[in-house]
Amino acid sequence: MHVKIHPTRIFSSSSTQTIYADETADFTVYYWDTYNVLIEEANHTVELTLGDSIDVEGVSLLHNQVLDAYIISFDFNDFTVTNETFIFNITMWKPGFENQSIILTVKIHDFIRYELSINIDSDTIQLLSTVTFTLILKEAIIQLLADDNTKLAYSPIGENVTLTLFLLDNANNIIETSTFNITISDIQNGNYIGQFKYRVENWKAKSLKIECTYLPKQSNIVSTTNFDLTFEIKFPYFNDLFYEYLSYMIAAISIIAVAAITLAVYFGVVRPKKQRQQAKRKQYCDTVSNILQSVTSIKKVLVVHKDTSSPVYELDLGSDMRVSSALVTGFLQAVSTMAKEITGKDKDVVKKLDYGDLIVTSAGTKNYITYIFSDRELSEDITNGLKEFVKYFEKRFSHVAENWIGSLDEFKKAEKAILRNLTEHLYIWTLYPITTNPTMEKEVKKLGPMSQKIIKFVKDTKEVTIGIILQYFNRWPKEETISLVFALVEDHYLLTKRI
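Numbering (UniProt numbering), first residue to last: 1 to 499.
Since the hints were made in silico from the structure, they are not lab data.
Any given hint could be a false lead.
[To be verified] Using 25 angstroms as the maximum straight-line C-alpha spacing, the simulated DSS-like pairs for lysine-lysine come out as follows:
id, residue 1, residue 2
1, Lys387, Lys413
2, Lys446, Lys299
3, Lys446, Lys456
4, Lys204, Lys217
[Claimed, not checked] The following label-pair restraints were derived from C-beta to C-beta distances:
id, residue 1, residue 2, range
5, Ile103, Ser178, 50 to 56 angstroms
6, Asp286, Lys442, 45 to 51 angstroms
7, Glu490, Lys391, 19 to 25 angstroms
8, Lys442, Glu415, 34 to 40 angstroms
9, Gly356, Glu443, 20 to 26 angstroms
10, Lys197, Ile103, 55 to 61 angstroms
11, Glu415, Pro438, 34 to 40 angstroms
12, Lys497, Lys366, 28 to 34 angstroms
13, Lys412, Arg475, 43 to 49 angstroms
14, Asp409, Ile468, 57 to 63 angstroms
15, Lys442, Asp307, 20 to 26 angstroms
16, Trp476, Lys446, 16 to 22 angstroms
All values reported here derive from a predicted model rather than from experimental measurement.
All C-beta atoms, glycine included, are put in the ideal place defined by N, C-alpha and C.
Can you build the whole structure from these sequences, using the hints too?
Structure below.
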């Protein structure tokens, strides 16, 4: 606290310039308490030479001249009496001058200075490990502050302490800087506590330096507490190192596992499946090709009444047979009867007679037997179709066979139905033109490019046979083209000509 005193002449009307004291002066300091009672034992009169200073009961007085005034400074840092109001009466006098007096009322409060320290929850700081730092704000020294507005009960809880962390390399060069504001949040054993966690991840760091600054929010408490601390950073623990790179290890293992599983799936599932699909596709192509070859080899189909050996239906597909059908069927019936006697089998059994350039395939039911004459052995699909056809024929005309007297009227009336079933079961439809199905036009876009080209060709040419399709698409593999046509017929994108 500073007090300026301006001395003046006794005769203030004189035109003479003011004469300032330039020698020793007497100062008397009186103390009154809050009840305006003089504390006599505290009174002090001191002689203070210009430019000197003196301590009076903890109060430091400095007598100095500044321009036209004298400065008296009071320092209360070592004052021992607190929480009281004191009155200071300062009188400056010199013969020939008016006495100069000033009365000061001052209340003395505690001035609290805090001591900061930091503890860590482990003996050392390891790379990649999280360390908890505990900031301790400890009341260390009580000093005095003269100020009417100072609060007696002051708590730092809720205030912030600024920490600056420096990561240093081997040469003590700063490689990374971080600043944190730590909130004082608790009080333990009379100390104020704040905590923060920090994890060192920079592999170049060899030491950690912490600078700490606490500046109270209370403006009247002007003290700032600072300190710095340095910790050594050591190599990470194995488990921290393990967990740090665990995610990368898991990712790498996952990638390897996925690759291994992919290879295993490919070689164990996908590749075999693909091979099976290719084998199945090849088998289908072979089947379709065999069907087509079998159909083109068929020369004649005869349906015979079993008991009389008389033909009831006949389909000629280019046969040059000059022998009577009745004679042929009679001979075949004799052979069949002989085979039945030898084998004991008849119903639903497909029989085959090979005469070199001519092969006769037959299947019969209770009343009828059907013969197919071909110049090569029929495929399994054709023989299976033959079984289905004889079942149909037996069911359709069994009533005729019971009292049949040789009339063919019933069979002629149903000639179209017989031909339709025969061409379907024996794949003879492949010899007839095919057309597109108008109801499936919207679905054509979902097919593959080759299938779409076949459908477009059939649509543009109105009616075509498989032979014409094969000739038009002769650059494609024959078996694949036939397979596609069969698939389109089976899925009803193409329709066989109705007989």
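Against the structure, the hints come out as follows:
no. : hint                                  : in the structure
1   : Lys387 <-> Lys413                     : holds, 23 angstroms
2   : Lys446 <-> Lys299                     : violated, 39 angstroms
3   : Lys446 <-> Lys456                     : holds, 14 angstroms
4   : Lys204 <-> Lys217                     : violated, 38 angstroms
5   : Ile103 <-> Ser178: 50 to 56 angstroms : holds, 54 angstroms
6   : Asp286 <-> Lys442: 45 to 51 angstroms : violated, 33 angstroms
7   : Glu490 <-> Lys391: 19 to 25 angstroms : holds, 21 angstroms
8   : Lys442 <-> Glu415: 34 to 40 angstroms : holds, 37 angstroms
9   : Gly356 <-> Glu443: 20 to 26 angstroms : violated, 48 angstroms
10  : Lys197 <-> Ile103: 55 to 61 angstroms : holds, 57 angstroms
11  : Glu415 <-> Pro438: 34 to 40 angstroms : violated, 28 angstroms
12  : Lys497 <-> Lys366: 28 to 34 angstroms : holds, 33 angstroms
13  : Lys412 <-> Arg475: 43 to 49 angstroms : holds, 46 angstroms
14  : Asp409 <-> Ile468: 57 to 63 angstroms : violated, 38 angstroms
15  : Lys442 <-> Asp307: 20 to 26 angstroms : violated, 54 angstroms
16  : Trp476 <-> Lys446: 16 to 22 angstroms : holds, 21 angstroms
Hints 2, 4, 6, 9, 11, 14 and 15 from the list above are not met by this structure, while the remaining hints are.
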